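Could you put together the complete structure from these sequences and hints?
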Amino acid sequence: MPIHDGTTNPGERSMWECGNCTLLNPPLAPICELCFSPKPKAADTKYKFWSCKFCTLESSVKLEKCSACGQWRYSHGQPVLTQEPNIGT
Numbered sequence: 001m002p003i004h005d006g007t008t009n010p011g012e013r014s015m016w017e018c019g020n021c022t023l024l025n026p027p028l029a030p031i032c033e034l035c036f037s038p039k040p041k042a043a044d045t046k047y048k049f050w051s052c053k054f055c056t057l058e059s060s061v062k063l064e065k066c067s068a069c070g071q072w073r074y075s076h077g078q079p080v081l082t083q084e085p086n087i088g089t
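Its first residue numbered 1, the sequence shown is counted upward by one per residue in full-length UniProt numbering.
The set of hints was computed from the structure by calculation and includes no laboratory data. Misleading hints may appear alongside valid ones.
Derived DSSO-like pairs (lysine-lysine); straight-line CA-CA distance at most 30 Å [said to hold, decoys possible]: (1) LYS62 x LYS41; (2) LYS39 x LYS62; (3) LYS48 x LYS65.
Now the in silico label distances, taken between C-beta atoms and shown as ranges [said to hold, decoys possible]: (4) GLY88 x PHE49: 46 to 56 Å; (5) THR82 x LYS39: 37 to 47 Å; (6) MET15 x LYS53: 32 to 42 Å; (7) LEU57 x LEU34: 12 to 22 Å.
Everything numeric in this text was worked out from a predicted model, so none of it was measured. Don't be surprised by glycine CBs; every beta carbon is placed ideally from N, CA and C.
Laid out in C-alpha cells, this is it:
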C-alpha cells in the first residue's frame, strides 16, 4: 500500500509498505528489505484496504471485521470524550 513519506515535491515517489511484514521500503526497491517479499505490482491499492476506526489497523476489503480488535468494518469508532457540565460551583 503506498505510504506518503512527507515530502512536498510531487516528483518524488512514496515509500511502499510490505504486505507481509509492514516494513516501509524505498520506492525503487523491488523486494522488501526485511522479508524479501516482492513489491506489489498494482500501483493503485487505495481501495484494497480499510482502516479500523478503533485501532487504525489497515485490513483487506475482503474482511468485515478488524483482524486486530474484532470491530466491525462499518463501526463509527470510539465515542468522543466530553466533560460533564460544571453545575453549582
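Hints and how they fare:
1. LYS62 x LYS41: 19 Å, holds
2. LYS39 x LYS62: 21 Å, holds
3. LYS48 x LYS65: With Cα atoms ~14 Å apart, LYS48 and LYS65 stay inside 30 Å; holds.
4. GLY88 x PHE49: 46 to 56 Å: 50 Å, holds
5. THR82 x LYS39: 37 to 47 Å: 45 Å, holds
6. MET15 x LYS53: 32 to 42 Å: Given range 32 to 42 Å: violated, Cβ gap about 24 Å.
7. LEU57 x LEU34: 12 to 22 Å: 19 Å, holds
Of the numbered hints stated above, the single one contradicted by the structure is hint 6.
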